[in-house]
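Trainee: Those protein sequence lines, which keep their order, are chains A and B.
For the first sequence, counting from 1, position 92 maps to 92 in UniProt numbering; every step adds exactly one.
For the second sequence, counting from 1, position 522 maps to 522 in UniProt numbering; every step adds exactly one.
Everything labelled a hint here was simulated from the structure, so no lab data went into it.
Even glycine gets a Cβ: it sits at the ideal position worked out from N, Cα and C.
Do not take every clue at face value.
Straight-line alpha carbon distances no greater than 20 Å define the calculated SDA-like cross-link-like pairs of lysine to any residue that follow [stated by the list, open to error]:
(1) K264/B x V108/A
(2) K556/B x V108/A
(3) K264/B x K115/A
(4) K99/A x L577/B
(5) K115/A x S583/B
(6) K725/B x H705/B
With beta-carbon atoms standing in for the labels, derived distance ranges [to be verified]:
(7) H130/A x T390/B: 18 to 28 Å
(8) L77/A x D156/B: 23 to 33 Å
(9) Y216/B x L113/A: 31 to 41 Å
(10) D214/B x G73/A: 39 to 49 Å
Partial pick of chain A residues on the chain B-facing surface, computed with a CB cut under 8 Å [stated by the list, open to error]:
(11) T23
(12) Q27
(13) Q89
(14) A94
(15) L95
(16) R105
(17) V108
(18) L113
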Amino acid sequence: MAESLAKHGIYFDELNKIRVVETEVSQQTNELKEECKDFVEKISEFQKIADGFILMVDTLGKEVEKEKMKAIGARNLLKSVSKQREAEQQQLQALIFEKTTELERLGVQLQSLHKTEMEQQELIEQLVLHR
Amino acid sequence: MRFKTSMSKEPKHTELVGCVGWCNTEEVYTCGDDHILFKWNLVTNETLKVTDLPSDLYPTDLHWFPRAHGKKQGLDLLLITAADGKYHLINKNGRFEKTVEAHKGAILSGRWSYDGAGLLTAGEDGQVKIWSRSGMLRSTILQSDTPVYSATWGPDSNQVLHTLGKMLVIKPLTPNSKVNKWKAHDGIILKVAWNPSNNLIVSGGEDCRYKVWDTYGRQLYGSHPHDYPITALAWSPMGDLFAMGSYNTLRLCDKTGWSYSLEKPNTGSVFNIAWSSDGTQVAGACGNGHIIFAHIIERRLEWNDYEAIVTGRKSISVRNVSNEAREKLEFPDRVIKLALQYGHLVVVTPTQCHIYSTSNWNTPVIFELREGSVCMLQLAARHFLLVEKTTAGLYSYEGRLLCSPRWQAMQPDTLNESSVSISPDTIAVRDQVDDKVVLLFEVGTARSLSDLPPLNHSLGVIDVALSQAGTAAERQLTVLDRNRDLYLSTVRGSSSRKLRKLGSMIQSLCWNSDTNMLAAVQDMNLTVWYYPNVLYVDKRLLKKTLLIKDASEYGKNPMIVSFVGNHIGIRRVDGSLVNSAISPFQAVLHGYTASNHWDDALRLCRIVKDTALWACLAAMATHAKNLATAEEAYAAIDENDKVEYIQYIKKVPMRHAQAAEMALLGGNIQDAESMLLQNGRIFHAIMTHIQLHNWQRALELAVKHKTHVDTVLLFRKKYLETFEKVETNEKFLQFKNEVILDEEKINAKIQNEYEKENAVP
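Please construct the entire structure, taking both the sequences and the accompanying hints into account.
Mentor: Following this line, the structure appears as structure tokens:
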């Protein structure tokens, strides 16, 4: 009887309950279902982990980018500071040059005054000697 | 001397500022690429926005209508030129009066003429145009393919100086006159300025140098190269200083080119500099939107033991170097001018004049100024000259106005040290219309000022100077003309004024402040005339009364700045002040002779044994008609002929004849003749001329006075016979036929005359 029923696609399982699908198949189907569920769970977990990872990498990237900009800025600043120093040096050089020429001028004046003093001293000596 | 600069913390202009101009001594107008016209008040430190300019107006230059001539109110016009080729006339409140389309491309420079009659514009299109005050095109004086970066008017508003690439061009406005053009720089010239007072030109450009020129295109100074192109140059109104601007640079320079000081403010390029009319402050328009203000401090003067330094806007410190006594003088207002000479310090502020005596620093004499804008200050022994914008006044050191010299077409604001000279009794001024004429005024006792006849010279005069010592009768004037020839002239005197050449190639000169000695830089020498009057006494002694020192140690173009006592102060072209001492005995000799101490003078000369001293004494004694001294002095310098002549003069019995002979001794034939004629000594005068072989004049006198014509003819005949010559003089030929010569009779007549002469006491 069971065979005649099987022809019509009706089966009995070991608990003698009527089934439309073969016992084995249904069992396998159930197993597959379980496995699929497991798989889905694992995949979603993986996705979560991957997402976290991506997020982490992203923030890291951003941070790296920021640091990179900072480094470039610092480098530029360094460059500009040296340039600024150069300009300052140039200015100071100009001022020093100015002072040097002024010193030269005063030196010349001093020299001429010394000369005058010497001449006058000579004259005084001459006058004293001739007395 | 240096600039003290100040800037606001934050720039008022948000963009580059290129234009700056002084409205009066307190207000500055500026505008820049942010299209705002600002007014800066320096007293209240306020900055007001006058108006917003249209957003398409990018100003390139700004110039106020010249005030000295804009006497009519409402003529306060601001000329603003723009990058779109238009220029605008704007009034004080920012209202546009006129807009004229002038050039294709930007106008780079716009200037009012000094007389206010017109204005010039120079543009990128290589054109320079002259416009009337109402904005009508008068003429286009240049058409070229090179942009004209800068242009300015000549002193008489009748010439225009403009740049053309690396060239400078002076173009007279009168038709068919010669254009003066020269290559001035190795780079494009960006700025040029011409001072009306000293007639000097300063230019600067992309070769990072500035150079000073005279109007003939002769370079007087060239600076060392700077780090950046020169973008701004401006003369102070009196022409004694100029300011230079470049990137982060502001420099104060003397008119001869050397630099007083350098400032390195954080301004960016200084695009324009303007001086206030009193010449004490400048304002600069800076590339970073700032306006930099600077005033001059540490102006330093010295006289004898005293040294005065302007330490701040309103304070002066005075030091006596011999005893280190210091005084600090404070003023209620800015110090504009000061002078220290002849025992007095005169300080001028915008409204007052303070007079200090070196013997009393505590109680100055203070008086209010008449106008309040002093252009010039010159001191003499007993009084000083104060020149204001429209008047000149001679004040005593007690602060009393003695007199106000006035002359035709007087323009006091353009007077300077070389065009005016004062002495204790005379004022000399170069005429401001005709520079060949020197006007002379006599300073009387009680507020009187009488005109002396003006002195006419054949050439343009560039410098006048009066001697400072001695009496009014001995006052002498030196005149330096365009050929740099120096002439000496007496100021007073009964006979016509005598203008005698003293020297040539004179670069600068100075009278001694205590004695009548004159020092000058002549070619490559420093020359001192110990007794310039020798020209009138005995010309041939001139060379012996000179001191000539080699001036090569002072370099090219040195200037004499002072001659006090026996010290000459010389300014080298690099700005250093060199002291040169001369023998002190000359001054002592001058003192003795001035007070008629001839014995002391002789003793001094005997001790010193100096030819120049003896020669001076000889000339002084001859001038004073002191025969004994003159004889000894001439003997000492081996002028035997003179000694003999003096001995002959001593024997001449009559005083006026003696005086005439003295004049002859000095070679002043005219004086001798007039002296003799005045005293009725016609025969003597005729004989003098005969002895000098001055036949023409002898005959003239004889014919005029109808006496001794035959005598003259006889002597002439004898003379011709001796030299075996034939008579060629027409006059003598004429009289030869008319007069019969009887030698015996003539000899008797001469004898008779001599006897008569000896008989008269």
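Trainee: Of the hints given before, which are not true for this structure?
Mentor: 1, 3, 6, 7, 8, 10, 11, 12 and 13
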